[in-house]
Amino acid sequence: MNLDEYNISVDQHADGMFRFILKNIRDEDKARDIVQDSFEKLWRNVENVNSLKVKSYLYTTAYHTMIDLIRREKRKEDFENVDVRDYSHSEHYSDLSEILDDALKRLSEVQRSVILLRDYEGYSYTEIAKITDLTESQVKVYIYRARMHLKNYIGSIESIV
Amino acid sequence: MREITRYNYEEFFLDYLEGTLSSLQIVALEDFLTKNPDLKLELEEMECPVFTKDCVKIDLKSLKEIPFRESFDEFCIARLEGDLSVENEIAFDTFLEKNKSFHNENQIYQKTILHADNSLVFTDKEKLKRSSRKVVYWRYSSRVGVAASIVLLFSLWSILYQFEGNQSNEEKITAKVETAITESKETNKTEKAIDVEAIATPKQEIVKPEKKYSVEKGQAQTTDSQEDEKQVENIEKVFKRVEPVVLSADAELIALANSADPKIELDIPKEENTEISTQNNGLAQLGMSWKSSVPEKKAQNSVLYAIAKYGVDKLGEIAGKNVQLEKKYDSATEKTRLDFNTAGIGFSKTIK
Chain A
1 MNLDEYNISV
11 DQHADGMFRF
21 ILKNIRDEDK
31 ARDIVQDSFE
41 KLWRNVENVN
51 SLKVKSYLYT
61 TAYHTMIDLI
71 RREKRKEDFE
81 NVDVRDYSHS
91 EHYSDLSEIL
101 DDALKRLSEV
111 QRSVILLRDY
121 EGYSYTEIAK
131 ITDLTESQVK
141 VYIYRARMHL
151 KNYIGSIESI
161 V
Chain B
162 MREITRYNYE
172 EFFLDYLEGT
182 LSSLQIVALE
192 DFLTKNPDLK
202 LELEEMECPV
212 FTKDCVKIDL
222 KSLKEIPFRE
232 SFDEFCIARL
242 EGDLSVENEI
252 AFDTFLEKNK
262 SFHNENQIYQ
272 KTILHADNSL
282 VFTDKEKLKR
292 SSRKVVYWRY
302 SSRVGVAASI
312 VLLFSLWSIL
322 YQFEGNQSNE
332 EKITAKVETA
342 ITESKETNKT
352 EKAIDVEAIA
362 TPKQEIVKPE
372 KKYSVEKGQA
382 QTTDSQEDEK
392 QVENIEKVFK
402 RVEPVVLSAD
412 AELIALANSA
422 DPKIELDIPK
432 EENTEISTQN
442 NGLAQLGMSW
452 KSSVPEKKAQ
462 NSVLYAIAKY
472 GVDKLGEIAG
482 KNVQLEKKYD
492 SATEKTRLDF
502 NTAGIGFSKT
512 IK
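Protein chains in written order, with our numbering: chain A, 1 to 161; chain B, 162 to 513.
Same shape as in the complex, but just chain B (with noise of 0.2 Å):
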């Protein structure tokens, strides 16, 4: 058997109340009163009555009654709005009937109904009909010059590309290094300046042609005196000056003819490779030279995408409709491609 403890004590509580203990656990539950006599009263809070039906006495009739005297206002508004079911209404109607001053009352309310004033008319209901759907059409049509704008922009695009693409790709050496140099300068305004312009232009005078510098071997092969190794060290200089960021980001380096790599293949027209080769006549000597892959172009393009772009936002804009045209680079296959989606219209174009 159990043990009855203050944590369990309820069950044996409600037990002896329904008669289900046995003899023995009546005798422990008694002893343990004994000894907690606080919980003596709590077992006789726990003593419910038992209703017999003889005990309750329902007045059915006031039951039946509907609170028209404590709920009137509800009643009246419920009547109004028409909220009441078929038989409430007899019962309030005949509520109302019996008690005149409650009557009144209710007559307010029916008063409160607004009734619109029919001589009130909008006088100008012509202007707001319309005769045709200028709306539709324009939205039909709306889409076809979203799509036309778009083909001229990519047209005007290419030609464009195509007539810059005649100029040269190449960027003169001369302008990156000057800029390197410029920049080399207002970092380190102690460190001696250097005449770069001289070493990269062809009017330079200190580097003359016949003198060949190979960077890659960190020795001047030359014949002249100290005079000359120090030009070896300002050029090494430059190139160390020159970060190399720079020239990975925004540059690729193509050897040329005279580099110590014959089999590199170049991909540049005689013609602009003799313009080189003399334009840039210190890296030419050097064994090297570089082309932009950013030429001037493709900032241009970058203007040239952002209006169209603008002019396609404000196009969708107002035709009320999600168009896109979105510049993307896939680095799988290395190309860049211009994509263009609306509702039922979407092309791409890739990009060189």
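One chain only, chain A, in its complex shape (with noise of 0.2 Å):
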């Protein structure tokens, strides 16, 4: 990978890892550092990146960072653990965006990751397995798991409504 590469590297996916980090640990300041360390860990090894799998190489990068993150300041909720009866709809969402952004922050952390991995870049099992060290059957799962929740969240919400 040359200096060009890395410039457009830049341009292409400097954007994109910030949403993915950004909606993870919704701390802006924390999303821009990640992202920077990101990028000075490919400038460091820049020789040794192959250009066409920057994306990934900057996805892992990040995530791994976002995790090691999360994981010192225990930030750590589980879905799982959270009744649905006991959502505060005193919030009055304007729009799905908002009830699909308040659901989000209820996933666990490797849900979220995998379902913006999927949604957000495109990402097939294998890479997202990949960038988050499971296996394609456990990203299969965490997938499957983060849709029933997103769903009878939304489905709570809206019959309510």
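Calculated from the structure, these hints are not laboratory results. One or more of the hints may lead you astray.
[Unchecked claim] Here are the simulated lysine-lysine pairs, DSS-like style, with alpha carbons at most 27 Å apart:
1. LYS53/A with LYS482/B
2. LYS55/A with LYS290/B
3. LYS488/B with LYS470/B
[As the list claims (entries may be wrong)] Under 10 Å between C-beta atoms, here's a sample of chain B residues computed to sit facing chain A:
4. GLU179
5. GLU235
6. ALA239
7. GLU242
8. SER246
9. LYS496
[What the hints assert, rightly or not] Just the calculated beta-carbon pair ranges, DEER-fashion:
10. SER97/A with GLN485/B: 56 to 64 Å
11. SER97/A with ASN265/B: 39 to 47 Å
12. SER292/B with ASP27/A: 46 to 54 Å
13. ARG72/A with LYS288/B: 23 to 31 Å
14. SER310/B with SER51/A: 40 to 48 Å
15. GLU40/A with ARG230/B: 50 to 58 Å
16. SER137/A with THR166/B: 49 to 57 Å
17. ILE269/B with SER51/A: 38 to 46 Å
18. GLU179/B with SER124/A: 49 to 57 Å
All C-beta atoms in this analysis are idealised placements derived from N, C-alpha and C, irrespective of residue type, glycine included.
Build the complex: two chains, separate frames, hints provided.
Okay, structure coming up:
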């Protein structure tokens, strides 16, 4: 990978990575730091990274940095431990994206990551498995559970509204 | 004919059920069953019914039906993820059209697809971009830098070595003997202290220059009285206390001109020899002296080696490359070599 390819990768992937991390950790500064760190690591290994695999490299690096950060801060919240009936409906959702955004917050970090990689970036099960260090079957199961939770959340909100 | 026992009856049962037993074997089997009535039940259980085509009635229509109702969630998600085959997708869509309630539920699943908010952008992209390949240049230059540093270190080392080499390689025997005596004093306080310094130093008074002792013979070659004999004993004690291990490990005995063997060639400059003979008067009179094979500079070299190794390790760490600096002793050539190895560069230097 050369200098030009590196700079192109910044244009192509910085925004997507930033959105992916931001949706996961909901902290703009930290998301920015993680993106910067990931590109810094890419630059240090620029000679060894294939330009065709740069996206995967960046997302893998960003994902692992983010997981380390989350674990450090112990901000783990498992959706499975949350009772749907306990959701606060005092909020007034203006559209579906807000409901989904709220539902996304309640997913476990792994479920959230895999579904974001799937929907935002259109990664295949195999690619997600590589990025997240999971097996393909595990990715399928996490996506299945995440969809179920999102559907239940949306369903419960819609029924109340 | 083999006898039927409780250990082999199964094969006879199977042969019986398949009708391959001879008449004699059948009689034997019946006799066995009479004697073992508990196995009769087992034989009956082994009789499998034979299915005929007429017995089996399969509802082909029900088999063709995909269990959309039973596994509705799985099919909804699989449809959403694009995991269904084309045939199954068509069948599932048809099923949804016919069942309104399932259709509505599937609609909720469709809403779970997340859409990226493109208004969220990373604003500092320009900061992430690079204008030159400093890292790459640095890496190339770092290799040269590492090599240059090593050469410099070696040069410095060699200079220091030569500088120190001009100084006497020989240690004063006094220092060694003093150490040994001090140690012996510490270990055995009850033992009478011996004034070794007086023996070893040129200013000694007890051992006079004209008095010669032969340690090898173990006898004092002196014309003096008992006092001199006592001194000889003391000297012998001193030599006993100086541990042979210490001497052999740290020192190399060299015969001087006044030793018994005149053939031994001394590799010592005359000036130094004179100095030793004057300073190491005690041992010289015994016909012995010694030159240290572990001069002080060796310790200094070790320090230099440690500094060099540390520097090389650090440089390797900074360069992100495996750089090695090793000191190896080759027992075959009895030489110590310094080896420097890294990617593309490697050289070795013998140390005296």
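Results for each hint:
no. : hint                               : verdict
1   : LYS53/A with LYS482/B              : holds, 24 Å
2   : LYS55/A with LYS290/B              : holds, 16 Å
3   : LYS488/B with LYS470/B             : holds, 10 Å
4   : GLU179                             : violated, 45 Å
5   : GLU235                             : holds, 8 Å
6   : ALA239                             : holds, 9 Å
7   : GLU242                             : holds, 7 Å
8   : SER246                             : violated, 16 Å
9   : LYS496                             : violated, 40 Å
10  : SER97/A with GLN485/B: 56 to 64 Å  : holds, 58 Å
11  : SER97/A with ASN265/B: 39 to 47 Å  : violated, 21 Å
12  : SER292/B with ASP27/A: 46 to 54 Å  : violated, 30 Å
13  : ARG72/A with LYS288/B: 23 to 31 Å  : holds, 25 Å
14  : SER310/B with SER51/A: 40 to 48 Å  : violated, 34 Å
15  : GLU40/A with ARG230/B: 50 to 58 Å  : holds, 53 Å
16  : SER137/A with THR166/B: 49 to 57 Å : holds, 51 Å
17  : ILE269/B with SER51/A: 38 to 46 Å  : holds, 41 Å
18  : GLU179/B with SER124/A: 49 to 57 Å : holds, 54 Å
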